[in-house]
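Assemble the whole structure, with the sequences as input and the hints as a guide.
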Amino acid sequence: MFKNILVANRGEIALRVIRAAKELGVRTTAIYSEADVDSMHVHLADDAICIGPGPSSESYLRMETILSAAEIANVDAIHPGYGFLSENPRFAELCESCRVKFIGPSSEVIAMMGDKNQARATAVKYGVPVTPGSEGIVETEKEALEVASQIGFPVMVKASAGGGGRGMRPAFNQAAFVSAFHAARAEAEACFGTPDVYIEKLVENPHHVEFQVAADAHGGVVQLGERDCSMQRRNQKIIEETPSPLLTDDLRARMAEASESLVRNIGYENCGTIEYLVDDDGNFYFMEMNTRIQVEHPITEEVRGCDLIKEQIRIAAGKRLSEHVLESEPRGHSIECRINAEDPYNNFAPSPGRIDLFYAPGGRGVRVDTHVYSGYTVPPHYDSMIAKLIVTGANREIAIARMIRSLNEFVIRGIKTTIPFQASILKHNAFRSGDYNIGWVEKFLADQPPPPELPEFELEDGL
Amino acid sequence: MDLKDIKQIVELMDEHGLSQFKLEQDDTKLELQKGGDLDIEAIRSLIASQAPVAGPAPAQLAAPFAGPGADASGVAPDGGLPAGVVEIPSPMVGTFYSAPAPDADSFVSVGARVQADTIVCIVEAMKVMNQISADVSGEIVEVLVENGTAVQYGEPLFRVKTA
Chain A
1 MFKNILVANR GEIALRVIRA AKELGVRTTA IYSEADVDSM HVHLADDAIC IGPGPSSESY
61 LRMETILSAA EIANVDAIHP GYGFLSENPR FAELCESCRV KFIGPSSEVI AMMGDKNQAR
121 ATAVKYGVPV TPGSEGIVET EKEALEVASQ IGFPVMVKAS AGGGGRGMRP AFNQAAFVSA
181 FHAARAEAEA CFGTPDVYIE KLVENPHHVE FQVAADAHGG VVQLGERDCS MQRRNQKIIE
241 ETPSPLLTDD LRARMAEASE SLVRNIGYEN CGTIEYLVDD DGNFYFMEMN TRIQVEHPIT
301 EEVRGCDLIK EQIRIAAGKR LSEHVLESEP RGHSIECRIN AEDPYNNFAP SPGRIDLFYA
361 PGGRGVRVDT HVYSGYTVPP HYDSMIAKLI VTGANREIAI ARMIRSLNEF VIRGIKTTIP
421 FQASILKHNA FRSGDYNIGW VEKFLADQPP PPELPEFELE DGL
Chain B
1 MDLKDIKQIV ELMDEHGLSQ FKLEQDDTKL ELQKGGDLDI EAIRSLIASQ APVAGPAPAQ
61 LAAPFAGPGA DASGVAPDGG LPAGVVEIPS PMVGTFYSAP APDADSFVSV GARVQADTIV
121 CIVEAMKVMN QISADVSGEI VEVLVENGTA VQYGEPLFRV KTA
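Taken in sequence, the protein lines are chains A and B. Sequential numbering of the first sequence, starting at 1, is according to my numbering. Sequential numbering of the second sequence, starting at 1, is according to my numbering.
If you're looking for bench data, these hints aren't it; they were derived computationally from the structure. Please note that the accuracy of each hint is not assured.
What the hints assert, rightly or not - Under 7 Å between C-beta atoms, here's a sample of chain A residues computed to sit facing chain B:
#1 I49
#2 C50
#3 I72
#4 I398
A virtual CB, placed ideally from N, CA and C, is assigned to each residue, including glycine.
And the structure:
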């Protein structure tokens, strides 16, 4: 087992990793920017090294600085958390050459699955369904029409050099297709310098369903079920749940099988997540693979009775997957709300600042993962997520009631948070019936007036 | 109730270590609160005293780290520097060397005059020897770090009298 792990991250995930390491008897070294000097993760680690000023580009994203810190702290492993450098193959490679174990898969695997085209090709190679599409660039209108008809409408015409949602044109039928094709080519030429486009099936009202996987260095592989992450605002997940209210047993079994076999075939090691789009007809399509731990990993932990961060550390240290993980069966229903420091009544404007009173909900089946506390000041430089509220119940109805109760009890005074927003979603019929998809939140925001604020929970002095 | 009474109450609070005081009398209402900030240092030292540090002893480290409570922002723990004295902070994480080579003379020592572009030390990071310049002009009055010790970003290396 490692002697000393450097946690190359901040906020709640840094604290999460430190806690897991402590339980394994491993020393922890935190890194922090000047803006994070008062963060809880800095205070609970055994050692802490300041690595730069506030902005991430000058601190948490500085590979050489982090490795320099690893060097002077004499650590034998680095946990990259999520975001930042966690899926950066160059960083993983640097760790390898500095003989510090990167807690995750190899740099080659990270590079392979990080390239979207290559990942898609890899999925195809191993028989995982992907969104039907053209085999490369489509040059002429005639060819494009053929391909589109073959794929089946609706389709998306996409610039091959595109990005940021630009150079994409949907077409819902043959009549609209021709103009969409030419418009996409024109925009591609204008924005990216080349008119090259390819065609992909447009998955309508898609659901985002991902599978947690884990593999050790001894051939042990396990899939740990799905998480439904369709509740998204501007492509950011805000509520996740497991099991997915959408999946039938048959669909779940097919997706589980595809996930597990992909992991075996690519020789993946450590924890990872395979993300799929699922349509209303029960078709699933590979989207991408995240070669790291995910924000929403706790709901899988609660339903499966495991600690995924400890498994990550153990796998990296050369141990086999724990028996209780390999043999786990899902039990109950778990939901997570990502609490962000944003004002839901002001277009989700970021709300950094000092939290003068923080009271987290508790009781049966309630878990709060957070690095903040009463008196903590949320810095402006980083992601706005300040806490994760995870509730678990014997079934979905119980979990929903528990989540509403917990959100109502949660006090974060001094800044604005998304708590009332998530409470209104949990109470909505669409959520209760499980009838929502990726486009639901935007529609909800457009249709509804701002939800009423929950009454302030007045606490006695001295609490 | 007048200001003299309030001052007396504040002094009594200090004397007895009280942080909150509330009084309602006839149509006077007085509420006094000291500080109010939750002391993160208190949390940290409470947790530390409850459980021993995991893993092997710190002896294996090149040097103990100053820790966030002390020098992260370059301000001395006692809260201030003498007038006309500034600190040169480390711009990177690594190992501090006072001389260009093990057997060579130090770049600077106490009493040396420096300009902005005077090289004052080396911070070695990942086998790269980075020469650090003073960025201020004046006279070195204190060398804060020992040769060969680990330094973090922002850690004060030298004190310079600029006046």
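So, going through the hints one by one against the coordinates:
With a least beta-carbon distance of about 5 Å to chain B, the hint placing I49(A) at the interface is held under the 7 Å criterion. The beta carbon of C50(A) comes within 4 Å of a beta carbon in chain B, closer than 7 Å, and the hint placing it at the interface holds. This hint holds: I72(A) has a C-beta 4 Å from the nearest C-beta of chain B, less than the 7 Å allowed. At about 34 Å, the closest approach between the beta carbon of I398(A) and any beta carbon in chain B exceeds 7 Å, and the interface hint on this residue is violated.
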